[in-house]
Amino acid sequence: MNHKLKIAIYSGVIPSSTFIERLITGLSISNQCEIYLFGAEQQKLPYNNNVKIVGYRNSKLSKFIQLVKYSILLFFFKGKDKKKLDAILKSKNRKTRLDKVKFYPVLWCQPDIFHLQWAKGIEDWIWLQEFGVKVVLSLRGTQINHSPIADKALAAMYRREFPKVDAFHAVSKAMALEAQKYGAKDSKIKVIYSGFEIEPATPIKNKEDVFKIISVGRPHWIKGYTYALDACKLLKDSGFKFQYTIVGAHGNIELAYQIKDLGLQNEVALLGKQPFNDVKEIMQSSDLLVLPSLNEGIANVVLEAMYLKTLVLTTDCGGMLEVIDDGVNGFVVPIRDAKNLAKKILEISTLSTNQIEKICTCALHTVKKQHNEKQMISGMLQFYQDL
Amino acid sequence: MKQKAKKHKTIGLVLSTVPKYSETFFRNKIKGLQKHGFEVILFVDYFKKGDADFSCKIVAANNYSSVSYLSLWHSFKALVKSAFIHPARSLRLFRLNKKDKVTFTNNIKQLVLNQFILAENVDWLHFGFGMLAVNRENVANAMHAKMAVSFRGFDLYLSPLKHKNCYKVLFKKAIRYHVLSNEMKHDLMAYAINSNQIQVITPAIDTKLFQSEKSPSNSKQLQLVTVARQHWKKGFIYTLEALAYLKQKGIDFQYTIIGAGSEQERITFAAYQLGVLENITFTGKLPQEEVKATLEQSSIYIQYSIQEGFCNAVLEAQALGLLCVVSNAEGLSENILDKITGWVVPKRQPILLAEKIIEIINLPEDIKKNIRTTAIERVKNEFNLEKQQDEFVRFYQN
Numbered sequence: 350m351n352h353k354l355k356i357a358i359y360s361g362v363i364p365s366s367t368f369i370e371r372l373i374t375g376l377s378i379s380n381q382c383e384i385y386l387f388g389a390e391q392q393k394l395p396y397n398n399n400v401k402i403v404g405y406r407n408s409k410l411s412k413f414i415q416l417v418k419y420s421i422l423l424f425f426f427k428g429k430d431k432k433k434l435d436a437i438l439k440s441k442n443r444k445t446r447l448d449k450v451k452f453y454p455v456l457w458c459q460p461d462i463f464h465l466q467w468a469k470g471i472e473d474w475i476w477l478q479e480f481g482v483k484v485v486l487s488l489r490g491t492q493i494n495h496s497p498i499a500d501k502a503l504a505a506m507y508r509r510e511f512p513k514v515d516a517f518h519a520v521s522k523a524m525a526l527e528a529q530k531y532g533a534k535d536s537k538i539k540v541i542y543s544g545f546e547i548e549p550a551t552p553i554k555n556k557e558d559v560f561k562i563i564s565v566g567r568p569h570w571i572k573g574y575t576y577a578l579d580a581c582k583l584l585k586d587s588g589f590k591f592q593y594t595i596v597g598a599h600g601n602i603e604l605a606y607q608i609k610d611l612g613l614q615n616e617v618a619l620l621g622k623q624p625f626n627d628v629k630e631i632m633q634s635s636d637l638l639v640l641p642s643l644n645e646g647i648a649n650v651v652l653e654a655m656y657l658k659t660l661v662l663t664t665d666c667g668g669m670l671e672v673i674d675d676g677v678n679g680f681v682v683p684i685r686d687a688k689n690l691a692k693k694i695l696e697i698s699t700l701s702t703n704q705i706e707k708i709c710t711c712a713l714h715t716v717k718k719q720h721n722e723k724q725m726i727s728g729m730l731q732f733y734q735d736l
Numbered sequence: 034m035k036q037k038a039k040k041h042k043t044i045g046l047v048l049s050t051v052p053k054y055s056e057t058f059f060r061n062k063i064k065g066l067q068k069h070g071f072e073v074i075l076f077v078d079y080f081k082k083g084d085a086d087f088s089c090k091i092v093a094a095n096n097y098s099s100v101s102y103l104s105l106w107h108s109f110k111a112l113v114k115s116a117f118i119h120p121a122r123s124l125r126l127f128r129l130n131k132k133d134k135v136t137f138t139n140n141i142k143q144l145v146l147n148q149f150i151l152a153e154n155v156d157w158l159h160f161g162f163g164m165l166a167v168n169r170e171n172v173a174n175a176m177h178a179k180m181a182v183s184f185r186g187f188d189l190y191l192s193p194l195k196h197k198n199c200y201k202v203l204f205k206k207a208i209r210y211h212v213l214s215n216e217m218k219h220d221l222m223a224y225a226i227n228s229n230q231i232q233v234i235t236p237a238i239d240t241k242l243f244q245s246e247k248s249p250s251n252s253k254q255l256q257l258v259t260v261a262r263q264h265w266k267k268g269f270i271y272t273l274e275a276l277a278y279l280k281q282k283g284i285d286f287q288y289t290i291i292g293a294g295s296e297q298e299r300i301t302f303a304a305y306q307l308g309v310l311e312n313i314t315f316t317g318k319l320p321q322e323e324v325k326a327t328l329e330q331s332s333i334y335i336q337y338s339i340q341e342g343f344c345n346a347v348l349e350a351q352a353l354g355l356l357c358v359v360s361n362a363e364g365l366s367e368n369i370l371d372k373i374t375g376w377v378v379p380k381r382q383p384i385l386l387a388e389k390i391i392e393i394i395n396l397p398e399d400i401k402k403n404i405r406t407t408a409i410e411r412v413k414n415e416f417n418l419e420k421q422q423d424e425f426v427r428f429y430q431n
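Line by line, the protein sequences give chains F and H. Per our numbering, numbering through the first sequence is continuous, rising by one, with the last residue being 736. Per our numbering, numbering through the second sequence is continuous, rising by one, with the last residue being 431.
Note that these hints are calculated values from the structure, not bench results. Given the structure is predicted, the values throughout are model-derived calculations rather than measurements. Just to be clear, a hint being listed does not mean it is correct.
In silico lysine-lysine, DSS-like type, Cα no more than 25 Å apart, as pairs [said to hold, decoys possible]:
#	chain 1	residue 1	chain 2	residue 2
1	F	K609	H	K218
2	F	K539	F	K718
3	H	K195	F	K582
4	H	K179	H	K420
5	F	K707	F	K717
6	H	K197	F	K609
When you get a sec, could you build the whole thing from the sequences and use the hints?
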């Protein structure tokens, strides 16, 4: 390459969520591209020199300064482009000050690639193609999996805009298939699995007489915790001794009521959000991580548990079957099926130490091979360079 | 402060907002009390457009929700009024709160926030929901008024899960409680509240409006219906699982959900994953006449709630002659008498619900007719507005 690719990674906020930050850091360390971050800057992070931040604080003054600065720069140095963008925005009835605060800096910097992280924003950014910028969209999470099923207007927007997108990055093969329902062409989608490395915390052995089960994640209905709690009721009724902890669900009334309703106060605990190191420790001291989700791309929490050699039981949702082979490197049950979930937990609780070790070693091998940071970064770089 | 001698009692009703047209419970209650000669003052957090036309006096609190000069000004005014317009009441509230170990800062806050209530004269101060009485436990006493609190379901069963020990002070007070069902009374007594303090007054409906001349729906396709906002406590996901089971068994049905809510995406996605999306009609919120018309086109009403105080919609469905199948959540098993006016199925067990629906479909016509008739009669006799109004009058006379 003669010059470094200018890639904008856009989620609307700086910093983004953990997995997007991993991508930003990994790409910047590779030294093969320049990363541009646009949007509302909520916190300053120590990125290296390959990362340029063109953000604004969430205050009227900061937004005003951003607007004035880039309006002047565009007016004097890219007047034609500014006129062209203004005309586009006018035609779309999107010419508010906030729109300009968002769009002008991107037009000024004009990256080679604009990588949008969330599908709902695609309609806002597709105009960049008029200025020679390649628009890339990540296919991840609820915005692909279930939002367009209930929101017909959103589904229609996807059908209108997806055929225009230059390329898609899918976090799983299942997600790629889902996006094709809205007109994303198979040939334009590249599946690149998320990758990371985790150092195990100091192992804490489970010395108690109860089987320790854990789930980790926000208390959103898509996580399927109500099914896990129904399964807990079945486990309790069968006389099985266990302790189930949901990290990140503290304060959720629906789950708290279900626990009370089913008489599970002694068996189930809802914890608040914990620092990652604490989550690692809880994971390592647990016998089993359960992912009762109704849909996922590929749940990072499962990959993390596999890195930490904690047994994993997942539903067969989204891309989870691309990681877990039932009985080989973890366990799988159907979605929305409390009875089978309880049955599988009972089966897992009878595994011998040797069997557990074999499965956990196999799981570690899977994530090291399929979900390491190196493959993610090289895959993403190749993906950008092929555009 | 001297109180004028009054012929009729004045009831101060504390709510968050002025009841909307669709919130029949409080509107009927106010109307009934006025009909029986009571004066009603409604205390609300804020006014909305159109509230001025309401049938009773409305007193709204100042807006203290944001930190602004206006809030500070309102606070200052409230303190001045407390000190100079009703000093005895303010002092009494302060002392009673102090006795309850309320901190000085919170005590001053209470004086400011409750000043709009303290300034009025009432015989009874009745809080429309449990949570509205929190941090106001001594206001009625300070005004030398009797105090009552209504519990309506969410506030008794769910609020304490979010706000631990929120009723700790309230439940120690010698006040009167109104609940919607015997189950709720029983659950309230578990907080060491004396049975004599609690009165069950069930919801009621306009039985003249909810009566049908039409014969039950004869549609070949089974028509199922629920009227409820789309909230997790209404148990829609379990209901859909039951319907997926019906579909597996080859039963042709259409299920109409009347109501709106924040869980539309969750319910739609569940219907999609369970393969019953094409069998579901979401009408959104409908006016009362359209609700009635939709119910009249249906044969079975489902209310498979996870948590439910009593449920007016089930009363309306019974009054219109629908066969009702409900969960055993709190007041529902009093709303429907199992196998007499409908069917009650244990909650969170969708297969049992599905099997019950199949059983109902296969019942002989005369048994169905008998259930319908008994339900219609019972609703007419026991859940009519006149009876409810009389019970409230007695509530305040005792």
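Right, here's what the structure says about each hint:
{"no.": "1", "hint": "K609/F with K218/H", "in the structure": "holds, 18 Å"}
{"no.": "2", "hint": "K539/F with K718/F", "in the structure": "holds, 18 Å"}
{"no.": "3", "hint": "K195/H with K582/F", "in the structure": "holds, 22 Å"}
{"no.": "4", "hint": "K179/H with K420/H", "in the structure": "holds, 23 Å"}
{"no.": "5", "hint": "K707/F with K717/F", "in the structure": "holds, 15 Å"}
{"no.": "6", "hint": "K197/H with K609/F", "in the structure": "holds, 14 Å"}
Taken one by one, the earlier hints all hold for this structure without exception.
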